[in-house]
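Q: Listed below are the residues making up each chain.
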Amino acid sequence: DGGITQSPKYLFRKEGQNVTLSCEQNLNHDAMYWYRQDPGQGLRLIYYSQIVNDFQKGDIAEGYSVSREKKESFPLTVTSAQKNPTAFYLCASSTGGISSGELFFGEGSRLTVL
Amino acid sequence: SQELEQSPQSLIVQEGKNLTINCTSSKTLYGLYWYKQKYGEGLIFLMMLQKGGEEKSHEKITAKLDEKKQQSSLHITASQPSHAGIYLCGADIGSNDYKLSFGAGTTVTVRA
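Protein chains in written order, with the numbering used here: chain A, 1 to 114; chain B, 115 to 226.
Please keep in mind that the hints were generated in silico from the structure rather than gathered at the bench.
A hint or two may mislead.
Stated by the list, open to error - Taking lysine to any residue pairs in the SDA-like style, the calculated list, with each CA pair at most 20 Å apart, reads: (1) A:K9 x B:T138; (2) A:K70 x A:Q41; (3) B:K165 x A:S99; (4) B:K213 x A:A61; (5) B:K213 x A:F12.
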């Protein structure tokens, strides 16, 4: 079955440590996204990638980094520079831009900083 | 401030009753997407609306985009426990073809 796989589902990190969240899709989608979700707030865009080897900052990119070396994969690194990293992170993909159709979402990764 | 305002923030409905959720923007909506989320899980796509006055239905859920394309409503008829969850609207407001702006969500509780 086609879909988006995020791992790990739960992750605990000590302050000052970097952590990488995995996102893999087998939908053959060109575009991939990372969103952050906090209680009482809408999803906020961290980074997006229109095509392999290219990515752009979203609204809240500070303290995060990404790579897009393969079409199927779009890992997100939460660095120690991110001041408030505890959140629920969602990865998504789409065939092209938003106007081409809906975003497909993974199951999410919950990061807790201890 | 949020680009999209959802109301209500939460609601409790008796099983079998109807409910309506609203999503309002101060800007023209070039595309409006409704998603459902179970707590701690990913988003499930429900419907997409693009044309003013457009209305779509799936099973007992109906979504409509107003003529001015600045407000959308999601209506559930004869609610069931399976309708419980968080409903989010996402919108293309034309600033970037790769940016979907989201409302804060509406939490729906269905009581038996």
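Q: Look at each hint and say if it fits the structure.
A: Taking the hints in turn, this is what the structure says about them:
Between the alpha carbons of K9 of chain A and T138 of chain B the distance comes to roughly 32 Å, so the proposed pair goes past 20 Å and is violated. In summary, the hint linking K70 of chain A to Q41 of chain A is not supported, as the alpha carbons are separated by about 31 Å, beyond the 20 Å threshold. About 12 Å separates the Cα atoms of K165 of chain B and S99 of chain A, which keeps this hinted pair within 20 Å; it holds. For a cut-off of 20 Å, the pair hint linking K213 of chain B to A61 of chain A stands: about 14 Å separates their Cα positions.
Between K213 of chain B and F12 of chain A the alpha-carbon distance is near 29 Å, which puts this suggested pair outside the 20 Å criterion.
Violated hints for the displayed structure, listed by number in ascending order: 1, 2, 5.
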